[in-house]
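Residue numbers (the numbering used here), protein chains in the order written: chain A, 7 to 272; chain B, 7 to 272; chain C, 126 to 429; chain D, 126 to 429.
What the hints contain is simulated information worked out from the structure, not anything from laboratory work. None of these values were measured; they are calculated from a predicted model. Just so you know, nobody snuck in bad clues.
List time: in silico DSS-like cross-link candidates among lysine-lysine, alpha-carbon distance up to 25 Å:
#: 1; chain 1: A; residue 1: Lys79; chain 2: C; residue 2: Lys328
#: 2; chain 1: D; residue 1: Lys328; chain 2: B; residue 2: Lys206
#: 3; chain 1: C; residue 1: Lys328; chain 2: A; residue 2: Lys83
#: 4; chain 1: B; residue 1: Lys9; chain 2: D; residue 2: Lys402
#: 5; chain 1: A; residue 1: Lys79; chain 2: C; residue 2: Lys330
#: 6; chain 1: A; residue 1: Lys96; chain 2: B; residue 2: Lys93
#: 7; chain 1: A; residue 1: Lys240; chain 2: A; residue 2: Lys206
#: 8; chain 1: B; residue 1: Lys93; chain 2: A; residue 2: Lys93
#: 9; chain 1: B; residue 1: Lys9; chain 2: D; residue 2: Lys215
#: 10; chain 1: A; residue 1: Lys105; chain 2: C; residue 2: Lys201
#: 11; chain 1: C; residue 1: Lys358; chain 2: D; residue 2: Lys330
#: 12; chain 1: C; residue 1: Lys330; chain 2: D; residue 2: Lys361
#: 13; chain 1: B; residue 1: Lys79; chain 2: D; residue 2: Lys330
#: 14; chain 1: A; residue 1: Lys206; chain 2: A; residue 2: Lys105
#: 15; chain 1: B; residue 1: Lys79; chain 2: B; residue 2: Lys93
#: 16; chain 1: A; residue 1: Lys206; chain 2: C; residue 2: Lys330
#: 17; chain 1: A; residue 1: Lys83; chain 2: B; residue 2: Lys83
#: 18; chain 1: B; residue 1: Lys20; chain 2: A; residue 2: Lys93
#: 19; chain 1: D; residue 1: Lys213; chain 2: B; residue 2: Lys8
#: 20; chain 1: B; residue 1: Lys83; chain 2: A; residue 2: Lys96
These are the residues of each chain, in order.
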Amino acid sequence: MKKFVHDFIVISNKRLNSNHFVLELLSPEPLSTMEPGQFAEVLINGSQDVFLRRPFSIHNADRQKNTISLFIKIVGKGTHALSIVQKGEKLNLIYPLGKGFRLPAHEKILVVGGGCGIAPLLFLVHTLHDRGVKSDIILGARSAGDLLITQQFSRYGNMFLMTEDGSAGEKGLVTQHSMFSKGSFAYQTIFGCGPTPMLKALDKIATAFGIECQVSLENTMACGIGACLCCVVKTTTGNRCVCTEGPVFDTRELDGWYQPIAKCYR
Amino acid sequence: MKKFVHDFIVISNKRLNSNHFVLELLSPEPLSTMEPGQFAEVLINGSQDVFLRRPFSIHNADRQKNTISLFIKIVGKGTHALSIVQKGEKLNLIYPLGKGFRLPAHEKILVVGGGCGIAPLLFLVHTLHDRGVKSDIILGARSAGDLLITQQFSRYGNMFLMTEDGSAGEKGLVTQHSMFSKGSFAYQTIFGCGPTPMLKALDKIATAFGIECQVSLENTMACGIGACLCCVVKTTTGNRCVCTEGPVFDTRELDGWYQPIAKCYR
Amino acid sequence: MRNLNIKLHDLDLRNPVMTASGTFGYGWEYEDFVDMNRLGGIIVKATTGSHREGNPYPRMAETAMGMLNAVGLQNKGIDYFVNEIYPKIKDYPTCVIANVSGSTVEEYEAVAEKMNGLENIPAIELNISCPNVKEGGMAFGTTCASAQSVTRAVRKLYKKTLIVKLSPNVTNIAEIAQSVADEGADCLSLINTMLGMAIDAEKRKPVLSTVTGGLSGPAIKPIALRMVWQVHKVVKIPVIGIGGIRNATDAIEFILAGASAIQVGTANFIDPFVTMKIVDGIEEYLDRHNVASVAELIGALRVE
Amino acid sequence: MRNLNIKLHDLDLRNPVMTASGTFGYGWEYEDFVDMNRLGGIIVKATTGSHREGNPYPRMAETAMGMLNAVGLQNKGIDYFVNEIYPKIKDYPTCVIANVSGSTVEEYEAVAEKMNGLENIPAIELNISCPNVKEGGMAFGTTCASAQSVTRAVRKLYKKTLIVKLSPNVTNIAEIAQSVADEGADCLSLINTMLGMAIDAEKRKPVLSTVTGGLSGPAIKPIALRMVWQVHKVVKIPVIGIGGIRNATDAIEFILAGASAIQVGTANFIDPFVTMKIVDGIEEYLDRHNVASVAELIGALRVE
Ligand SMILES: Cc1cc2nc3c(=O)[nH]c(=O)nc-3n(C[C@H](O)[C@H](O)[C@H](O)COP(=O)(O)OP(=O)(O)OC[C@H]3O[C@@H](n4cnc5c(N)ncnc54)[C@H](O)[C@@H]3O)c2cc1C
Ligand SMILES: Cc1cc2nc3c(=O)[nH]c(=O)nc-3n(C[C@H](O)[C@H](O)[C@H](O)COP(=O)(O)OP(=O)(O)OC[C@H]3O[C@@H](n4cnc5c(N)ncnc54)[C@H](O)[C@@H]3O)c2cc1C
Ligand SMILES: Cc1cc2nc3c(=O)[nH]c(=O)nc-3n(C[C@H](O)[C@H](O)[C@H](O)COP(=O)(O)O)c2cc1C
Ligand SMILES: Cc1cc2nc3c(=O)[nH]c(=O)nc-3n(C[C@H](O)[C@H](O)[C@H](O)COP(=O)(O)O)c2cc1C
Ligand code: FES
Ligand code: FES
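Just chain A, same shape as in the assembly:
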């Protein structure tokens, strides 16, 4: 897929809560084709302490408006600098990068997002929806106030909410949703994004049910295009670049992930 370097124009910068915001960016040229799960490398000006670009998943795309959006959590210098960009400013992006989610032909899909991990999932369920697939979506957060943009998600699928304090939906971690403890399990693929412990727990569930699980990783990156080899993850076939062979991986490819129960007990 051809990559582009473009100056996008900030259309809006919407603060969701104290440390999350969404940027809507207008492309100067017709949007490239993109897969959900792909990302962009964003150049950050105006901060003495940010040297490299920063990778962010494509949160959503609107081909009518020719815009993409980024869903960003403020965790450090770069994300802070982005949180204060103003409407009308330009942001230089390299995009679309990496390999996204492999969309299955079947319809029995569960999408699970925890915390900031919801970033690439909106574009995923949006795309599935456009293909006529209404996914089931579990979104989890600490408490009701941290459950952001659930409404956008609900346009594209059936929502199940989880909060650690029980203030919305079921109480617990996303991976403790009651559907997982029922005898029967309707899904053939789980798509997950969120903190690594959550992804590993999801993988365990998939392993237990013997189904496919695709997760999106967030390894630190320098180039984002496969040139530096900084972003590798250990796979069953050796170190592979998250930026070009991921960020989405089938957990069966990941070394130390997806261990069939059978194997463990033999």
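Fit chains B, C and D with the ligands to the known structure of chain A by using the hints.
Coordinates of chains B, C and D with the ligands only, in the frame set by chain A:
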């Protein structure tokens, strides 16, 4: 004189021509006492390539409005970054720094500014004017269009203009003004600021007439407060810091400057 | 039109702008951005005797105007290079140079010998910053003796242009440079990364899996420039300047300090077009200063 | 209240935050900004055997997140220091340490001996980055032999806390550190500036009058951190970390790497309050991590 570190608020950023602008800055506290010729060290945010503060002369001060102004020529990264600061932004300054012009008791004063060297001179003639002294002022530039803010100067003294192309005032360099070639010379002190060749030429004139000449130097600085010893100028008594013992020096103190004619010919 | 051509021993470069090993992959990673017709050359990523997995993740840490890397020479080995990679890069419309690494003199020799047989690779760059396993891990490039031993061994069997890439983590770079030149290197390139470290204060852990790593980027430019200048003064062979170059002014500075050509590394990550912008900027500089050929600027620093 | 006290050989410091020599003048330059009661100590600017004019202007060049200086030890000599400066600084409410420099072993000895007689200077920092004129200009700190010879000579006659400040421009910092420790140094401080260079491409001239100069600031932090870690692993005496520190996180990183105290240099120029902010930040870190005493963090990096 006590030094302060204050966040000033940008009241206006007025562009004078393609590469000169004036910042008017509101002090958060009552303005410190200041001498004309003193300077401030300005912290520049928002540019990856600017690491140290930048020194700028105090161009003028308005005690009623509690503001100071800086007259700045865009020559590189830092001055470029300052040229785009917006009204309402904060600028962190260390001020007032250095020793300014030593104001004489007499009234026979000639003030000479070339190019960007006019920066500290407005505050000088303003201060002299407040003390009842109306100075004679020669301002020079390449052509009429480069003669900036002459009108402000004319409030405080008698103006003589020089342009290299003769498009305003006399034609030539400031140091070629006709007053210097007359047999009699009315002044007892020359105050100069501008490019070094101009200052050396002024010094020659002062030497010839046997009068005092004070010049403001612009050595590169790291600290601006006498701690690093980076900004030295060679004086008759050894290397001395321009940031604490200057920036204004009597040319008689500067090594290789002010060579009495007599001495040269003996 | 100004003349940007550069002669680097036997190599005729279109211009002095090349890409640094390990920062430009095998070139195809940049195919959407860079027109190879516009580059002086590319140095592809390091090749070792056999397949190497490299170091564990994390391999990268950002620093003030720089970055640390701990990639650890991940590559599939010389045979894979010859069979699978060479065919894909051999017809690039620019000078393609291989970067040769190893942990023993024998490994360097084995790789260099096979590289010698590749028609469209007119030169190799010997990366002597790798740890010398036989001498307890200090890099080959940090003592004159070991730098000489590897250069001598490879020189014997490598018939084309031999570039030796120096490590900056030394007391006296000029001495190492001279001793490598004495062994018949045709050209020197410097600098490789500086050894550095990053710590995550919150986790109280090193950021890199290997604790220390190689520092690159604008942060090291003043050191690189100094070393190029020091080396250019003592050796007679051409020098390629590397370290923190991100615009034409940086490139010109290295050339004035004595570099015949320059390599751009980390800056590619930030601006994929940077090499082409540097070529344009050098041309613009020549115009502005009315210099007919960039070669006139090599070592043309005016020192009183 | 967390305990910020640090024991540095015989010195009891209020906290680990000190100012680096040559960047804080004699202290009075910062009197309008810094409350000395809040600092662990200050290292005043270098003193040599006799008056030195230092290098010609220009002495400064800005670089990417750093600066080069070529001050060249301008100072009025040890006698002026004893008679004119000491009386003004001896009653500062913080630990005042002198930085001792020279071009010959004899010069170091002469300065150290006179410093030994100054009651309120409880320690000297031996700056061995100066060029060793007898050995042709390579700095004392760049070979074990010369580093040892100056340390040994000064150790004999200096009875109080002897800190030796190491030069980073070496292949093996741990080796130099060990050899200096063997000669009886009580403490090491590192790093001094890295040798670098800046060029004005438009004028085709070096920016500094001396062509090369010393690089300081955040740019060198990764290198300094690595060296502190390497040295801490091999020596038993306390280490003071220096190089690019500009906030409490940086300071904590150096302490985790093995520094018992830290010095802030170039950052003072940008923010005159920086040292006090670092003290506050360290205290806040201890609170947040529920660490009772900063001393517990020394070398507490978790390396697997
Ligand atoms: C493919 C990909 C897609 C991503 N998509 C999104 C997204 O859509 N929305 C979003 O908010 N974030 C996303 N991230 C993470 C995002 O890139 C980082 O949060 C961001 O780079 C941090 O920059 P900073 O300057 O604010 O943090 P820094 O100041 O550089 O670091 C702050 C802290 O965060 C840690 N950190 C920084 N980057 C990472 C990382 N990649 N992984 C783990 N820890 C890190 C640092 O170690 C440090 O402790 C993605 C990352 C990748 C690799
Ligand atoms: C006491 C003092 C008062 C000053 N007052 C004013 C003023 O009122 N208005 C004003 O416009 N400027 C003034 N200057 C000069 C001003 O400080 C510099 O122009 C400014 O620092 C340049 O910053 P920059 O980042 O734009 O340039 P850079 O990008 O750092 O440099 C651009 C070019 O300018 C040269 N340069 C930078 N600083 C200096 C310097 N100090 N002397 C000579 N060459 C330099 C560099 O070598 C380079 O070639 C003063 C300087 C001093 C020391
Ligand atoms: C991620 C990364 C990988 C590198 N790999 C190699 C390598 O394999 N062989 C080599 O000789 N140099 C390698 N280098 C060093 C660069 O080629 C170059 O010498 C160094 O980065 C300094 O240049 P820069 O500041 O422009 O990046 C690598 C540098 C980086 C950043
Ligand atoms: C302008 C300047 C002058 C210096 N003078 C001395 C000195 O006289 N003696 C010395 O040991 N170190 C001197 N240094 C080195 C500093 O003490 C310190 O080791 C170095 O700057 C690294 O720390 P930093 O990055 O925090 O500045 C000087 C540094 C600068 C920037
Ligand atoms: S980030 Fe450079 S290869 Fe993936
Ligand atoms: S700028 Fe530091 S002493 Fe003058």
